[in-house]
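*Asks:* Chain by chain, the residues:
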Amino acid sequence: MKSGKFWAWVVFIVSAAYFFIPLIATFEFSLRLRRGVHSFDAYQIVLGDPRFQATFLYSVVAAVFTIILGVLVVVPAAYWIRLRLPQLRPIVEFITLLPLVIPAIVIVFGYIRMYGSNSPLPFLASDFGASALLVIGYATLALPYMYRAVDTGLRTIDVRTLTEAAQILGAGWGTIITRVILPNVLIAVLSGAFLTFAIVIGEFTMASLLNRPAFGPYLQNIGANRAYEPAALAVIAFAITWGCMSLIQLLSRFAPKSANRPN
Amino acid sequence: MTDLSLSNQAFATKPASPKEATAFRFPTHWIGVTPFFIFVLMFLILPTLYLVLGAFQNGEGQFTFDNILQLVSDPSISNSYWASIWISFWSAIIGAFAGLALAIAIVRGGLPSWVRSATLTFSGVASNFAGLPLAFAFIATLGRVGIVTIILRDVFGMNIYAMGFNFLTSSGLIVVYLFFQIPLMVVIIVPAIDGLKKEWNEAAATLGATQWQYWRMVVIPVLFPSFLGTVILLFANAFGAIATAYAFTGPTLNIVPIKLYSQINGDVLHNPQLGYAIAFGMIVITGLANVFYIWFRTRSERWLK
Numbered sequence: 001m002k003s004g005k006f007w008a009w010v011v012f013i014v015s016a017a018y019f020f021i022p023l024i025a026t027f028e029f030s031l032r033l034r035r036g037v038h039s040f041d042a043y044q045i046v047l048g049d050p051r052f053q054a055t056f057l058y059s060v061v062a063a064v065f066t067i068i069l070g071v072l073v074v075v076p077a078a079y080w081i082r083l084r085l086p087q088l089r090p091i092v093e094f095i096t097l098l099p100l101v102i103p104a105i106v107i108v109f110g111y112i113r114m115y116g117s118n119s120p121l122p123f124l125a126s127d128f129g130a131s132a133l134l135v136i137g138y139a140t141l142a143l144p145y146m147y148r149a150v151d152t153g154l155r156t157i158d159v160r161t162l163t164e165a166a167q168i169l170g171a172g173w174g175t176i177i178t179r180v181i182l183p184n185v186l187i188a189v190l191s192g193a194f195l196t197f198a199i200v201i202g203e204f205t206m207a208s209l210l211n212r213p214a215f216g217p218y219l220q221n222i223g224a225n226r227a228y229e230p231a232a233l234a235v236i237a238f239a240i241t242w243g244c245m246s247l248i249q250l251l252s253r254f255a256p257k258s259a260n261r262p263n
Numbered sequence: 001m002t003d004l005s006l007s008n009q010a011f012a013t014k015p016a017s018p019k020e021a022t023a024f025r026f027p028t029h030w031i032g033v034t035p036f037f038i039f040v041l042m043f044l045i046l047p048t049l050y051l052v053l054g055a056f057q058n059g060e061g062q063f064t065f066d067n068i069l070q071l072v073s074d075p076s077i078s079n080s081y082w083a084s085i086w087i088s089f090w091s092a093i094i095g096a097f098a099g100l101a102l103a104i105a106i107v108r109g110g111l112p113s114w115v116r117s118a119t120l121t122f123s124g125v126a127s128n129f130a131g132l133p134l135a136f137a138f139i140a141t142l143g144r145v146g147i148v149t150i151i152l153r154d155v156f157g158m159n160i161y162a163m164g165f166n167f168l169t170s171s172g173l174i175v176v177y178l179f180f181q182i183p184l185m186v187v188i189i190v191p192a193i194d195g196l197k198k199e200w201n202e203a204a205a206t207l208g209a210t211q212w213q214y215w216r217m218v219v220i221p222v223l224f225p226s227f228l229g230t231v232i233l234l235f236a237n238a239f240g241a242i243a244t245a246y247a248f249t250g251p252t253l254n255i256v257p258i259k260l261y262s263q264i265n266g267d268v269l270h271n272p273q274l275g276y277a278i279a280f281g282m283i284v285i286t287g288l289a290n291v292f293y294i295w296f297r298t299r300s301e302r303w304l305k
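Protein chains in written order, with the UniProt record's numbering: chain H, 1 to 263; chain V, 1 to 305.
Everything labelled a hint here was simulated from the structure, so no lab data went into it. Model, not experiment: these values are computed from the prediction. All C-beta atoms, glycine included, are put in the ideal place defined by N, C-alpha and C. Don't take each hint at face value.
[What the hints assert, rightly or not] Under the rule of at most 25 Å between Cα atoms (straight-line distance), these lysine to any residue pairs were calculated in the SDA-like manner:
1) V:K197 <-> V:S73
2) V:K198 <-> H:Y18
3) H:K5 <-> V:S78
4) H:K5 <-> V:N290
5) H:K5 <-> H:Y18
[As the list claims (entries may be wrong)] FRET-style restraints, in silico, Cβ to Cβ:
6) V:F63 <-> H:V64: 30 to 36 Å
7) V:S76 <-> H:D49: 33 to 39 Å
8) H:I21 <-> V:S226: 26 to 32 Å
9) V:Q62 <-> H:V14: 37 to 43 Å
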């Protein structure tokens, strides 16, 4: 037993070293812009860069629309499968896992060929259309996470009873979904939303191939041309990811633990 | 907040009389899932099918195997496939075992509880920390003027670049990919390890099993399906990854996603249909990995029953 504990510490410390050394080194590196002293100059340059502000804002807006689209697609489907079509569950679960199997670059390649300027549905003919297609692509990438988050949320509430109770009170389907089901799975939806945000904010492949002015292509551009600023951007990106994950953890404390609570 | 929703609810429910509610019927059983199916059909399944069909057509739209054959006959393409498979396979295998070791250490190793929660939180973050920022972090660490490179050179007299280390090599990329592969394994496998009941160990011990027999006959068979499933996921994860490698080298590194990226951007292979074939090959490989997984899982579930 004692030797087990010893090896557990060894594994933990070696892993911690592998994960923390690059993070510490990146942070230290990002402070080196001014010769001889540590300074936050790299952060100042990055944050003051109008292209940083514009691309970051673009990606934040894209992430918000991605989350809205994801909720609109996933919540009714997950709800309906729990309520009426449980036999569809394996099929839908399989489909939602597909974006983990089909690489993002393949999906976006399909978009470029199918929705080009000369196609019947020319998304790529206009800037707005291309941005819409980017949001759609992001929603596809987020599908596995969004579906699982919402489905887990639905598992903790008694969907059938809530729906019947609402129906007895005369609620229509719109009311049931927006005023009964959604508030009950809100925390689960928000977890999915923050995860989506973390995935989407620095995404490079889709944004670059659809030629959108997003944060990912900007990161690439800085990475190819500057020395210390990329390290600062990596620290900022890590902080954003950390923030999203902390919010998810925080939210999970408010989530209902199980259905059919006694009171 | 509560007040508002209460009053609104009363307002919304009053006008709908029971008669209207029963008279209102949905046209079909499928209405709730229709948006979902339209979405995945238009933006996931059809675009993929389009590429798959394109892989079997020549420029005039006639059926052909030429594009597929060219994946094998063109050495630069087949090499890029081997490089990608090699990197994805080893980063998945190493990441899986390292992640499993870390997960067992924090769940079963008798470490203080803060170690477990800190590791899980960090793994959640690190498994999503990929792409360009990850590359930047490793360039700042192990790049030519990276901190660790300099420390190793000045303090320990070790010049890792003279020793052949390079991000552009397969092993260099594997080291970097492990940064998200290991945490992803931890995040997925910890719940499975938690699912191992203490009673099983006690029951095995009562029946006279040694600790090794308990591991071989109970723990490994129970964990195997989720472990293998995660290995497949890690493989696909690395196989489709492009941004990290792209940040190190630009479009020169010869792995499949970067090859496809250059092909989409500028038809570098001078044959648009070949792009379809490369994409098709990627789907086949990640798809085959999943077929293996399903096959293994049904086999192992047969014994679990």
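*Asks:* All the hints need checking, so say for each whether the structure fits it.
*Replies:* Structure-based check of each hint:
With a CA separation close to 53 Å, the supplied pair V:K197 and V:S73 exceeds the 25 Å bound. Taken as a hint, the V:K198 and H:Y18 pair is broken in the structure, with Cα atoms around 31 Å apart against an allowance of 25 Å. Note on H:K5 and V:S78: the hinted pairing is violated, with a Cα-Cα distance of about 46 Å set against a maximum of 25 Å. Taking the CA atoms of H:K5 and V:N290, the gap is about 36 Å. The hint is violated against a cut of 25 Å.
The straight-line distance between the Cα atoms of H:K5 and H:Y18 is roughly 20 Å, inside the 25 Å bound, and the hint therefore holds. Judged by the Cβ atoms, the range 30 to 36 Å given for V:F63 and H:V64 is violated: they are separated by roughly 44 Å. A C-beta distance of roughly 38 Å is found between V:S76 and H:D49, which places it inside the suggested range of 33 to 39 Å. In this structure the hint that H:I21 and V:S226 lie 26 to 32 Å apart at CB holds, the actual value being about 30 Å.
Between V:Q62 and H:V14 the beta carbons are some 57 Å apart, a value that contradicts the proposed interval 37 to 43 Å.
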